[in-house]
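2 protein chains.
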Amino acid sequence: MRSVSILATGSELLDGRVVDTNSNFVAKELSERGLKLKRVLVVDDDMSELVQGLRDLSTVSDFIITSGGLGPTSDDLTRDMVAAFFGVGLSEHPDAVAHLEGFFAKRGRVLDSQNRRQTLLPIGATMVPNANGTAPGFAMTRDGGPTVVSLSGVPREFKPMFLDTVLPMIEARCGGVEPIQRATMKTFGLPESTVGRLIEGLKLPQEITVSYRAAFPEVHVVLKAPKSFDLAPHVASVKDALQRDTIFTENPAESFITSLQQLLISKGLTVATAESCTGGMVSEILTRTPGSSAVFHGGVVAYSNDIKERIVGVSHETLETTGAVSAETVRELAKNVRAKFKTSFGVSISGVAGPDGGSEAKPVGTFFVGISSESRSFEMKCLYVSERQNVRSYASYVALDLVRRAVLGLPAPEGYPIFR
Amino acid sequence: MRSVSILATGSELLDGRVVDTNSNFVAKELSERGLKLKRVLVVDDDMSELVQGLRDLSTVSDFIITSGGLGPTSDDLTRDMVAAFFGVGLSEHPDAVAHLEGFFAKRGRVLDSQNRRQTLLPIGATMVPNANGTAPGFAMTRDGGPTVVSLSGVPREFKPMFLDTVLPMIEARCGGVEPIQRATMKTFGLPESTVGRLIEGLKLPQEITVSYRAAFPEVHVVLKAPKSFDLAPHVASVKDALQRDTIFTENPAESFITSLQQLLISKGLTVATAESCTGGMVSEILTRTPGSSAVFHGGVVAYSNDIKERIVGVSHETLETTGAVSAETVRELAKNVRAKFKTSFGVSISGVAGPDGGSEAKPVGTFFVGISSESRSFEMKCLYVSERQNVRSYASYVALDLVRRAVLGLPAPEGYPIFR
Chain A
1 MRSVSILATG
11 SELLDGRVVD
21 TNSNFVAKEL
31 SERGLKLKRV
41 LVVDDDMSEL
51 VQGLRDLSTV
61 SDFIITSGGL
71 GPTSDDLTRD
81 MVAAFFGVGL
91 SEHPDAVAHL
101 EGFFAKRGRV
111 LDSQNRRQTL
121 LPIGATMVPN
131 ANGTAPGFAM
141 TRDGGPTVVS
151 LSGVPREFKP
161 MFLDTVLPMI
171 EARCGGVEPI
181 QRATMKTFGL
191 PESTVGRLIE
201 GLKLPQEITV
211 SYRAAFPEVH
221 VVLKAPKSFD
231 LAPHVASVKD
241 ALQRDTIFTE
251 NPAESFITSL
261 QQLLISKGLT
271 VATAESCTGG
281 MVSEILTRTP
291 GSSAVFHGGV
301 VAYSNDIKER
311 IVGVSHETLE
321 TTGAVSAETV
331 RELAKNVRAK
341 FKTSFGVSIS
351 GVAGPDGGSE
361 AKPVGTFFVG
371 ISSESRSFEM
381 KCLYVSERQN
391 VRSYASYVAL
401 DLVRRAVLGL
411 PAPEGYPIFR
Chain B
1 MRSVSILATG
11 SELLDGRVVD
21 TNSNFVAKEL
31 SERGLKLKRV
41 LVVDDDMSEL
51 VQGLRDLSTV
61 SDFIITSGGL
71 GPTSDDLTRD
81 MVAAFFGVGL
91 SEHPDAVAHL
101 EGFFAKRGRV
111 LDSQNRRQTL
121 LPIGATMVPN
131 ANGTAPGFAM
141 TRDGGPTVVS
151 LSGVPREFKP
161 MFLDTVLPMI
171 EARCGGVEPI
181 QRATMKTFGL
191 PESTVGRLIE
201 GLKLPQEITV
211 SYRAAFPEVH
221 VVLKAPKSFD
231 LAPHVASVKD
241 ALQRDTIFTE
251 NPAESFITSL
261 QQLLISKGLT
271 VATAESCTGG
281 MVSEILTRTP
291 GSSAVFHGGV
301 VAYSNDIKER
311 IVGVSHETLE
321 TTGAVSAETV
331 RELAKNVRAK
341 FKTSFGVSIS
351 GVAGPDGGSE
361 AKPVGTFFVG
371 ISSESRSFEM
381 KCLYVSERQN
391 VRSYASYVAL
401 DLVRRAVLGL
411 PAPEGYPIFR
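So the sequences go chain by chain: A and B. Note that the working numbering has the first sequence beginning at 1, numbered continuously upward. Note that the working numbering has the second sequence beginning at 1, numbered continuously upward.
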């Protein structure tokens, strides 16, 4: 098997400001295809260090991916490093010029001399397109030696460059790996440890590899097995173990919000939001994907009691007697926002996100969700003990998951996990 | 300066199951003391790979920290690796025997033969105590060669072992290192390439190291120099070059939103939001930090024209004649939400986040921001060509940055990103 290594560059990786997540991403992608990284080496933005690092890796690797150092500033040395490694010079690459001129033209700007540095590639290199940034990547090889592919270090640029261009190159070079099949189940509503325990209890045959990924607050499960293996019955038993309802999609490309959006569109349903502690996070999630205007028309962020009362019409008495964090308040918020915004569903959240503001009766992490529709309204009280931003994310997911359950006619669960 | 490197071992790091957080931890701890990691190398649990990796690092490092491979199972090879590197054998170390016997006795168990493997250390090594697990660490050196310190890979064991034993060893060996000073400038409003060009134009003296970090949509600049160097005048010239206004904080621990929140609190000012394309992202950012209720009472997400008209009171005529993505619409949104919510500022955004919905006059990435206050109201048109979620983030930052500028009495810039 051919071996793949990574050379990650950048002083921000060595002084601790940034965690190298690109290497982990590559490791996972290769692993899913039955390939494994040979080495990861992190070196500083220093010419002799960089070239020495590349030489060290070249003794044990057929394929070296470098990340970082492709920007327009003076500490971006990757182009020079690769040129020095192969003993060639740099020259303006026509594809890189076209990419950068196009990138700037689209923004009504001209390519200045600073950014023009990014068009200089080692002589003999092929450009690797970068759809999400200015810096073009490149690939280079010499007879018998390793292939070196240099990508932008910015994760949202690195990842698509790796998936779109590098992975096919690696698969072409490292062919002959046994094909595998996989089954994905994306869940919400059970803690990762519970998901793990339920699946381990099944004692699946050893042909199956189970991997878990906590994509907070979702938990994804992937079963992998050789293509020749009959995986279907085991997928069915895993789904049963996970109580089926907790699985919101089995499509690896679909996210929580795209699956909910498709569901709402297919039924012609719309949602309005009234948020307190989540401060607009539910509506932000609802509008992340194109086409969201079909299901979402708007909402109110009612952060203070005054706004809850004056703008959303929660009664003064309710706020006085039960408080803002209560079933009564979220009931009125959900009902009133649905009426005002003329939607199928009204969704509301009020809670104590912390770190302050908790009480014995309503500790930090307590939140109420209200769902109102023409046929049915209900409220749920939850407690999720964590840091502020996690409490808010979790509460937002609970609200949206309750909409999903309401649309599908699934029972509202007794209570979402109480991690305490 | 003495140089410190890390050898991280374990197939779970190379197949993507685990992210190597120990290296980032060490990098940060060293960085705070003016030291920097030289290299991080991740290798597989394979004897020849491990020894080769250690040899590679020993050519450039005076101090090598290894993580992982100290457990009781057959894939735990670190003890053998270090012994092979130094050309010595293994023997039961009395301190390690005492540690393990004590560990098991405390739990009412006896030390079995499997766990007894962990008492075998390279001959000549010193034990490094592990208060949180069975595996003792160890340190070893030879005249003139590097010091190798092997620690458990489990973060909650690794971290205290590093802090309690290794850091004092490094400080003792690397004593006399000149302490460094740093100056941080976090900016918003200039692309990274412009920031780089402006600073490179200053031709700073070579004692100063400049590093850049793009924390989208922010760009952070850090200047580092020896403590004895007079950095202040150069910090001043960098600030001038960056037009001062673009720097929202010089405090490394402060974020964009915490600095804005402090500013608003100090002046007793409040904000209300009326968001279209950002769908609640501005209010979500405003409520991320504790204490946000002092400056934020609420907002409206007016995603459809109907909501803009019925709930926020934008005139039907404005929406008909200029459209929802226009200066007139954001002006009415900002003004009306400020009046309804009774705040110091009204902030509004309407735009084309994409990927669809663009036109020749208003391509994808076009957005308008409106700011309304008692003394002054203005609107700004921007074009930021990127993917949907980036356009939304960028637009949210522009809106909040315009509030910052309005509070500080800074001029509104001619146009942001100036990616246009």
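Be careful, since some hints might not be right.
[Stated by the list, open to error] With the C-beta cut set under 10 Å, the calculated list includes, among others, these residues of chain B facing chain A:
id	residue
1	S11
2	V43
3	M47
4	S283
5	G299
If you are wondering where the hints come from, they were derived from the structure by calculation, not from laboratory data. Predicted model, so just to flag it, every value in this text is computed and none were measured. The beta carbon of each residue, even a glycine, is placed where N, CA and C say it ideally should be.
Consistency of the hints with the structure:
The restraint placing S11/B at the interface with chain A holds, with a minimum CB-CB distance near 7 Å, inside the 10 Å limit. The criterion of a C-beta within 10 Å of any C-beta in chain A is met by V43/B, whose closest approach is roughly 6 Å, and the hint holds. A distance limit of 10 Å between C-beta atoms decides the matter here; for M47/B the minimum to chain A is near 14 Å, and the interface restraint is violated. Interface hint at S283/B: satisfied, since its Cβ lies 4 Å from the closest Cβ of chain A, which is below the 10 Å cut-off.
With a cut of 10 Å, the hint placing G299/B at the interface with chain A holds, because the nearest CB-to-CB distance is about 5 Å.
Of the numbered hints given earlier, the model fails hint 3 alone.
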